[in-house]
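Undergrad: Chain order of the listed sequences is U and S.
Under our numbering, the first residue of the first sequence is numbered 1, with each subsequent residue one higher.
Under our numbering, the first residue of the second sequence is numbered 10001, with each subsequent residue one higher.
Derived from the structure by calculation, the hints contain no laboratory data.
Where a beta carbon is used, it is the ideal one built from N, C-alpha and C, also for glycine.
Fair warning: there could be bad hints in the mix.
What the hints assert, rightly or not - Quick look at which bits of chain S chain U covers, simulated, 3 or more residues with Cβ under 8 Å:
| # | region |
| --- | --- |
| 1 | 10005–10017 |
| 2 | 10021–10032 |
| 3 | 10052–10060 |
| 4 | 10080–10093 |
Claimed, not checked - Calculated from the model, a selection of chain U residues having no Cβ within reach of chain S, i.e. all distances over 12 Å:
| # | residue |
| --- | --- |
| 5 | E127 |
| 6 | G245 |
| 7 | Q338 |
| 8 | I668 |
| 9 | M694 |
| 10 | G924 |
| 11 | G1309 |
| 12 | R1340 |
| 13 | G1363 |
| 14 | I1364 |
To be verified - Derived Cβ-Cβ restraints for the label pairs, each shown as a range:
| # | chain 1 | residue 1 | chain 2 | residue 2 | range |
| --- | --- | --- | --- | --- | --- |
| 15 | S | R10039 | U | E1373 | 40 to 48 Å |
| 16 | S | R10039 | U | V1148 | 41 to 49 Å |
| 17 | S | G10088 | U | V1148 | 50 to 58 Å |
| 18 | S | E10091 | U | V1148 | 53 to 61 Å |
| 19 | S | D10045 | U | E1373 | 54 to 62 Å |
| 20 | S | E10091 | U | E1373 | 46 to 54 Å |
| 21 | S | G10088 | U | E1373 | 16 to 24 Å |
| 22 | U | A1079 | S | E10091 | 50 to 58 Å |
| 23 | S | V10018 | U | V1148 | 53 to 61 Å |
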Amino acid sequence: MNGARLSGPVDPPPSRNGRAELMFPGTSEMARRMRGHPWPRTPMGDPSTWPTSLRTACRICLTSRFPMIVWWGPELRFLYNDAYLPLLGSKHPALAKRGDEVWTEIWHTIGPMLESVMASGEATWSEDLLLATNRHGYWEETYWTYSYSPLHDDDGAVRGVFTAVSETTERVIGERRLAVLQDLGAQAGRARTVTEACELVADVLERSGQDVPFAAIYLRHPENGEPVLAATSPRGATVAPRPGGPGDWPVRQVLLAEEPVTMTDVAERFGELPSGGWRTPPTQAMVLPLAGETGGRTVGAIVLAAGAGRVLDEAYESFLSLVARQTAALVNAAVAYQLQQRRAEELTELDRAKTAFFSNISHEFRTPLTLIMGPVQELRGALAGADERVREDLEVVHRNGLRLGKLVNTLLDFSRIEAGRMQARYEPVDLSAATTELASVFRSAVDKAGLAFEVDCPPLPEPVHLDRGMWEKVVLNLLSNALKFTFDGSIRVAAHAEESHAVVTVADTGIGVAKDELPRLFERFHRIESARSRSNEGSGIGLALVRELIGLHGGTITADSVEGEGTTFTIRLPFGREHLPDDALVPAVGTEAVSATAAPFVEEALRWLPGDDTEAPRWAAAETFGGDVTGSPRPAAGEAAPARVLIADDNADMRDYLTRLLGPHYEITVVTDGQAALEAVRAGAPDLLVSDVMMPRLDGLQLVAALRADPRTAGVPVLLLSARAGQEASIEGLDAGADDYLVKPFSAAELLARVRANVELARMRSRHARWRTAIMESLQEAFFVTDETGAVIEINAAFTDILGYGPEGLPYTPLHPWWPHEAEDPQAHRMVAALFAQLVTEGRGSGMLPLTHRDGHRVWVAVTFNDVADPETGLRRMVGTLRDVTAEHYRVQRETALAALSMRVSQADSLRDALSGALEELRGVWHARRVLAAVWSDRDEPALTSTTSGPRWHDLPERLRRALTGLRERPPLSPVADEPGGAGVALEHPDGMLALWVDLGRNRPFTAEDQTLLALLAGHLGQGLHRAHQLDQQRETAVALQRAILGPSHLPGGFAVRYEPATRPLEVGGDWYDIVPLAGDHVGLVVGDCVGHGVQAAAVMGQLRSACRALLLQEAGPAHVLTALDRFAAFVPGALCTTVFCGRLDTVTGRLVYSSAGHLPGILALPGGGVELLSEGRSTPLGVRLGRPRPEAECVLPARSTLMLYTDGLVERRRRPISEGIDRAGSAIQDGRGTAIEDLASHVMSLLEPAAGFNDDVAVLLYRRPAPLEVTFPAESAQLAPVRTALRDWLGRCELSALVTQNVLVSAGEACANAIEHGSGYDAGQSIRLRAVVTADDLRVTVTDTGRWKPPRPEAGRHRGRGIALMRALMDEVVIDRGTAGTTVDMQTRIS
Amino acid sequence: MTSPLSLAASRRIDGRPVLVVTGEIDMSNADAFDAALTRSAADGDRLVVDLGAVGYLDSAGLAVLFAHGARIELIVNPVLAPVVTFSGLPEVVPVHGPAPGADSV
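Could you put the whole structure together from the sequences, leaning on the hints where they help?
TA: Below, the structure written as structure tokens:
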């Protein structure tokens, strides 16, 4: 506002009213209020002082029809428009109040948002924000969508917030309620019981606590109609009314009135119900009736509490009534479902009872029938020649038995169809031919009845798939029916094709059927009463059966009839086979004679006709329940040998009966119980086993189970016979694995048909099996099948070929006989065991295994296996193949071993290494305990090499020594494996015969292949050893040459040299040293380093060395020598960049003139300590700059100093500066300056050699001056003076003090005098040797005489006797060694 | 061949006999040295044996000196001094340092 004042209005202010009208335009309530507001008294001040933005905002606010607010100033004063009034509710009027006072209850939410806009100047947007407001006197759930935008003053500072707001409460809540209803709707069809329905509703409402915090569903008790609580939401909520309160939910009242009740005293009645997330529990609720199905009474009532966040208004009520309606719908659906379910169950039960009844009666009839018909048949045979009356009576009994049997069979068929157990086999049939044939059966009966019989069945365009047995029944039933009801006229059978159908009609001119009866003609057990017929016989199920049978064929049958004129049955059967189940289709079996089924029909028909005394047709006897079978079952096509049938029955009569029935057609074996049957089957599988169920020892079901459990007998077809009726019994039998099941009593034909079918099926199966076997056998690879335990249950011929085990030994249970023996070859055993474990556990895998053939030899096989489920039994099976890879295995093994052996031998440095390496390889090939080689050279005792450390010949067991010695006698390379646990072979070694012994350890087999391999390896070893031997010799020659090239074999005194080539085994390289004696006391010193290693570098080195030597001998100075070498190097390939240190040394004075061609500096260790580097006189390596004069430097080597020249191999280390190496070398020499020069050389080399050896050529030259003095002189006293002169001279070069010089001189003189005394005068020509050596701090004199010791003569010692005392006095250490060959006096003195 | 040695007998200013030895005394000429000493010991005074110009004296020479110990005095130079001292000769023979101006070896 300061800003406002400062800026001030420029224009003159308009009149107050006009100004206010301009500021707060319009006629709205809020405009009016604002105009009348006493602004100047508020913190907002006079509107005329307001910034433009505020004024503009006010105008927008007031003229907008959207709810808007302006918050202004630090206190966020509240300005709003008319549209905002409903949102503000009872808070209005609140003009220019502080924001936090207007919206106190939501300030915790919106306050910070407003502040943030004020602070940051950034707008916000909130959508459907839930704010609990209290604007109507109660706490209310409200939703808002609004934006906060900053309002700036004229200076751009944020001074207020502009808000456009819309309340979305209705929409948000509406959507939410709709979701609840949708959720309820989605439950439709899920509940199967009323309780479930109520629980589903409760679940939904529990998820919708905001709208329905509490609910209770009451259902009428099905009997007394009283309400019973079915579910609550939330689950387990208490619903007990408060004691002393107004009471419980008015459920009964609602049920009675069927009207909803709204309650506002919920809290008084029940206290605190679940609040559904609101701050306060519900106070209002509705109790609503749950309407029943249309016209039905209410099924219950539902209590729905209203959430405290909303007032229970009309919208809320309508929502709750929709909830109630949905609930009712769900409950009613469940009721309906339950009702339907109960009806279905009742029907099913009815059906089941009926089927059981049919099944039962048919079986009940069949049992006595068997007992009647069997004996009758016997009697007919036995009484063939008996009295006529008796025979006639018997025929009567027989015929009626047949009739009863037919009736029972029909009933049984029916019950089978009912139970869905009718097993049809549809084959393509020439319908016309089959029908004609069937019709012909009836011709005699029709003729006899005096009726015309027309059969008009021309060939049809395509076959019809029929079950012949069923079709027979259809046609015979229809014909029988026609004959029964036709007294005049004709019976006509016709067939023709009609588009996709074959049509067969059976028409008669009989009595016809009344129109109203027609619809029920095919109804079961429906008989047309009082119809005239030839017989009153009939069960009323014939036509019903016909319709069922045709239905099974996918066809239809209709009847047309005119009463008194006749009836026509029309059958339509579709062509093709798509309408039939695939598994019931069979290929055409061929034409078949009319089966035995026809007989009872015709016999029965004939019986209806007058004067029936005709013989039954001949084939009629085929339908019997016992006795001879005159009709011949068609033999299986193409079978020459009769099938073998095994009969198992404990009842002798039944055995006989079955034997008689089946005997003519099959080869019969009879046993009396299941156990015997099992044994018989195992002895030789029959084509079919016919077994009774009830038997002692092992009953039929157990027998089947036992057969099926054994892979060898699992395929034997079994036909079970049982007296037990009913579906369950047969299912039990089939479950056990029987192929077919026949319930006693059975007709002979039925038995024969079943037996025939099963035999054929079995033969077909065995054809499959044979085909499968043929494929298996034709496989090149061995094939096997194991069960889940890993037992091998099936193999092919290749398997037998590879492992020697045939099918006769099946099953092969683990551990299989071809496993390597654990004790003999544990490693192989482990390999097999590991893969076998994989077979059993994982079922798939592959690998290469060592197995043992039946005859004992080792076979390597590649095996692969996979698991499969047996399609018939569902059992887990592993199917695998084996391939014999023995040859391949040994070839690979041989090649690997040979390669390894060759490598070892070729890498060897020497013959010795070659042999010991080869033995290691051999040990690896056989995992041997050890491998020994004995070589007989010219010595008596062989030289032994072993993979174990150092056994000597005499340490070996006697037996082994004998075996090794024995090998010498054998021709080379012929292995011997007579000894257990080992094998040997002899071969030629360069030094003599070598006997090789592979010690396998205990009991390990050494196979023929192993022997071959041993011979092969021994042969290669022999060759390898000879090669190594040749290499050895070549190498020796090369080394000799190398040494010759390297430098003088005899070094001048004071020098020591070392050479170490980088390339092994050849000891040649590119580094060299040379020491060239020159005129006077001068010596040429050279150390050089050619680029590269090996022979090529050595060749270059040799040339440079010779050239250098020649140049030095020409008395050229070092610089001159190197300049000349520059030119020389230009002509020698590979000589460029050679580095050389060349020096010319005066050994007397120690003056050294030198020049370096890029070589490392010489190191000089001074006698008093300290190191100097000879780093002057340096220039480039050889050949780099031709014709340039080289510099020369000069220095003097002090007496007793040590000089070292070297090549970089000595001091260079990877990743270390070379100066470090030079320092190390300097320290090494300095430390060793008191050591004799030769020892110092060894010391330096070993000290500087890296752990892994030098990786570059190394040449080292060491010199210490003066060189040791060596004087040899005759043992004469006259020699003393010259020797003394020489010694004094040398001592002078050592630069010692006068005292030390004198002491050494006197001591040496005494020693020499002693030596002369010993040697002179006795043996002329004896000589004395004096040697003097100096180091930095030590001087040593040795005097050796060769005279034989003689006691001193008294006269000779006239002037002597004090010599030794004098030596000891003058020297630090004196050792006198008087040996038989002479005396050595060794004297030493320190000189520092 | 013997080691170089010259023996010159004379008298000093005070009239005492002196044997001046020059060269080296070792086993090869010890006998000659002995003879010269014997010859020179004529009167009652001790013979002065001047070894100031001797560069080498070994045990053979010392033996000769010990033999004539009772009648000689010695003059030695620093080179010979240690040998003479280690031998114990000063216990029986008066030993003097070199005369001033005498040559030292």
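Undergrad: All hints, please: hold or fail.
TA: Here is what the structure says about each hint:
| no. | hint | in the structure |
| --- | --- | --- |
| 1 | 10005–10017 | violated (count 0) |
| 2 | 10021–10032 | holds (count 6) |
| 3 | 10052–10060 | holds (count 5) |
| 4 | 10080–10093 | holds (count 4) |
| 5 | E127 | 121 Å, holds |
| 6 | G245 | 141 Å, holds |
| 7 | Q338 | 142 Å, holds |
| 8 | I668 | 140 Å, holds |
| 9 | M694 | 138 Å, holds |
| 10 | G924 | 75 Å, holds |
| 11 | G1309 | 5 Å, violated |
| 12 | R1340 | 20 Å, holds |
| 13 | G1363 | 4 Å, violated |
| 14 | I1364 | 9 Å, violated |
| 15 | S:R10039 x U:E1373: 40 to 48 Å | 41 Å, holds |
| 16 | S:R10039 x U:V1148: 41 to 49 Å | 43 Å, holds |
| 17 | S:G10088 x U:V1148: 50 to 58 Å | 40 Å, violated |
| 18 | S:E10091 x U:V1148: 53 to 61 Å | 43 Å, violated |
| 19 | S:D10045 x U:E1373: 54 to 62 Å | 44 Å, violated |
| 20 | S:E10091 x U:E1373: 46 to 54 Å | 27 Å, violated |
| 21 | S:G10088 x U:E1373: 16 to 24 Å | 22 Å, holds |
| 22 | U:A1079 x S:E10091: 50 to 58 Å | 55 Å, holds |
| 23 | S:V10018 x U:V1148: 53 to 61 Å | 40 Å, violated |
Hint compliance for this structure: hints 1, 11, 13, 14, 17, 18, 19, 20 and 23 are not met, and every other hint is.
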